[in-house]
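> The listed protein sequences derive, respectively, from chains Z and V.
First residue of the first sequence: 1, per our numbering; consecutive thereafter.
First residue of the second sequence: 1, per our numbering; consecutive thereafter.
Because the hints were derived from the structure by calculation, they are not lab data.
Careful, some of the hints might be misleading.
[To be verified] With a straight-line cut-off of 25 angstroms between C-alpha atoms, the simulated DMTMM-like cross-links for lysine to aspartate or glutamate are:
| hint | chain 1 | residue 1 | chain 2 | residue 2 |
| --- | --- | --- | --- | --- |
| 1 | Z | K622 | Z | E412 |
| 2 | V | K90 | Z | D152 |
| 3 | Z | K133 | V | E136 |
[Unchecked claim] Residues from chain V that face chain Z, not an exhaustive set, calculated with beta carbons under 10 angstroms:
| hint | residue |
| --- | --- |
| 4 | A44 |
| 5 | R140 |
| 6 | M141 |
| 7 | L145 |
Treat the numbers as computed from the prediction; the structure is a model and nothing was measured.
Don't be surprised by glycine CBs; every beta carbon is placed ideally from N, CA and C.
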Amino acid sequence: MTRSLIMDKPDDRNRLDAMAQGVIGQPLDRPDGPAKVTGVAPYAAEYSIANRAEGVLVTATISAGEVTDIDEQSVLSMPGVIAVISDQRMTARAAQGGAGKAPVQQVRHVQYYGQPIAVVIAETFEQARDAAKHLKVSYRAGDAITDHHDPDIPTDPYQDPIDQGDLAHAMKQAAHAVDVTYTTECHNSAPMEPHASIAEWDGKTLTLHSSLQMLAFNRKELADSLNLELEQVRLVSPYVGGGFGSKLGISPEGVAASVAAMQLNRPVRVVMLRQQVFQCVMRRSETVQRLRLAADAEGRLIGFGHEARVSNLPEEKFGEPVTQASEFLYPGENRRLAIEIARINLVTAGSVRAPGEAVGMQALEAAMDELANAIGIDPVELRLRNIPERHPSEDIPYSSRKLIECLKIGAERFGWDGADRRPRKRREGEWWIGTGMANACRVHNINEAQARVSLLADGTAVVASDMTDIGTGTYAVLGQIAGEMLGLDSTDVLVQLGDTTFPPGSGSGGSWGAASTGSAVFEACEAIREHLAEQLGTTEAELTLKDGFAIAGNRRVALPDLLNGSAIERNGHFKPGDITKAYAAAMYGAFFAEVAVNAYTGETRMRRFSGAFGLGRVLNRKTATSQCMGGMVWGIGSALTEELTFDARDGHIVNPDLAEYHIPVNLDVPHLDVVLVEERDPAASPLQAKGVGELGICGAAGAICNAIYHACGVRVRSFPMTPDKLLAELPVP
Amino acid sequence: MSLTINGQSYEFDGDPRTSLLDYLRDGCGLTGTKKGCDHGQCGACTVLVNGQRVNSCLTLAIMQDGHAVTTIEGIGTLEAMDPLQAAFVKHDGYQCGYCTPGQICSAKAMMAEAENGWASFVTDDLEGEVVLTDEEIRERMSGNLCRCGAYSNIIDAIKEAMTQQQEAR
């Protein structure tokens, strides 16, 4: 039996707080933790399957054009080589998140340097790798646009711009105004586990062990790529070694492994080389962002402009939604928000952790700091003066919004002193010291999701969904939701994820996983509670479930006795409805950073970094805190080091590995101080919970930019803020 | 050619190009050792060879003649976790878990290196006793990347395990 909810209005019942078990929100250890720390948790490439062949992808060495010949004979005589496959079912790009259909195929039609064009299959990895390197490929090169910094590349509008009032006039009338342009460079998700797949084909059914975020969609993408029926495809993905957007869509190695397994009638494993993860999965687009902020004498925004240029390959619908939070974070009746997209021949641009806000917020928050300095007020005070009452364009109310609390709590914990924001006031030896702050903001997303909950005859429960846990704590939080609703210790709830034989969950992406799939679990549990109440002769509202007992009035019955030998199984089905249009729902927070900038070298070191966040109900205080920390680490990378460097001549990535693409290392990260502000958001989900995984990055690099300015007086409007950019502007030490 | 892995003897006669990492994962079924980059850049494949930490992707299986290798499976098990493993669980010193075996192997060796007086980039006195301050641990663990950004919790976990180890003496 399935219980469905289409969420059209807020759920003010706040049922989780009415429960008695007390596990929701608790900082419990992850149930999947012991398997991870002892190395027994199986990731996609780690299934031991007899007779498995190994594949290595071959990628294009031209920027655009056609593959005219693949000389299979050049490698077929090499030891162990089984086949060279360049099949038109193979995919030339990863699918965008939520596509649900095949991405661009036609691997022999090259549109970017590094595009997969073939896969070499051999008995062993060493043989396949060697053969892939020796494969002779002939091309007919075509025209390509490969310099993404060229301002003259023609652009198309991306979505309809928002134009209200007269921004240019407001800028002239403003008591204080800033008109500045910030740039950000391309990023790579760089999950620690490279994209990996093992395909098994039994003549009818394809089973793919793969590292993916959104199985229900990936199953459709794979079936569509291979012209199979949905029922013929099974995906298995119980452990995913990080995704951050790069595993939202089916990726080329999974389709290549499948094609090979079907052609050769034996299991095939294809794991991307680390360089291929950079070259042929997803990049976050570079951005050029013009910010126009017009304020009255009191610092209240009367005009707000945020215009961005991003890029992507031809035919890709995705454009980095840079202005997503700018639509509602700040007031200003005169508004212009617009995104233009340049069509270029570089690896697909797609979702990388917090698409839109990750780079949009950092530029916006740096510009807001410039405005605060122009006015001469505390930047915290500027934020407090600019909190709109209703959505400035759509005239709808906000759902719960804890921005003021985050600013105040965060400032207090950090020991923020915003009275004197003049730079170069603090020097310790070679180092200029400064502080900076920024708002955090990220839209709240929800997605359709199903989950099955079984209350077994022994009084324990099983939760099952094809939902994934990509490090997000999904195993923990789904168990806690079911435990709270059913009155069970969470050790008595088994959570099974990552298999398309289970009901389709929301998948992990856009921070929607817990709120969406968690709501499906919640619905199923409500249905079980109704059944138990009926058994006990009471109503669901009067029923208390605690420690494995059902309690109503003066009756207290152990669940196995009440169940009397039979299990109860219910499906929960959660769907977003009108609620998504009725409220502007988002997560909010505030960052506070202290940096040291070396007066001689321009190197920036993080000294302290705090974040206060309002995320709705916290489902597990430990895992939520960790995710916020992770976001802040990404903020440090975006601020200081992360940048994909392309060769402008042919668009090849110059730094496609972890030695040259610099993600933060341990020494780059100070002890992070995260505080989660208590909140319930009834418009966000029946759990009153919102998204967690992305907020910690949204604005973080802006706080660092502002701290750098405060430290040394250099306003760097180009991320990452590497030493060379500072050195050029620093005063004589 | 024979070597010892987690106390057991193994005979290697495979392709000489096989890295120690691939031998562990595919030849021995010890998949707790992870492949993150295959180029010695991320540390996910860290194991102990004769007690010292090594990126197992940067050495060949055939070079381990007579060596003793310890992988994450040899450090502790589900039933009997090492205090370091338990501390990683308690402090949430991971998220996706893919870098975790390497972090734990690396931390094991790091504690021994400090005891043996090995200086690091952030050590002021190269000749003196090494004290594992937070900064020392951060520096010494910087060869193990964590894209989830669990660094703060990794430091907390290692410090707790160190304290336990000191108290046990």
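> State for each hint whether it applies.
Taking the hints in turn, this is what the structure says about them:
| no. | hint | verdict |
| --- | --- | --- |
| 1 | Z:K622 - Z:E412 | 22 angstroms, holds |
| 2 | V:K90 - Z:D152 | 54 angstroms, violated |
| 3 | Z:K133 - V:E136 | 41 angstroms, violated |
| 4 | A44 | 6 angstroms, holds |
| 5 | R140 | 8 angstroms, holds |
| 6 | M141 | 4 angstroms, holds |
| 7 | L145 | 6 angstroms, holds |
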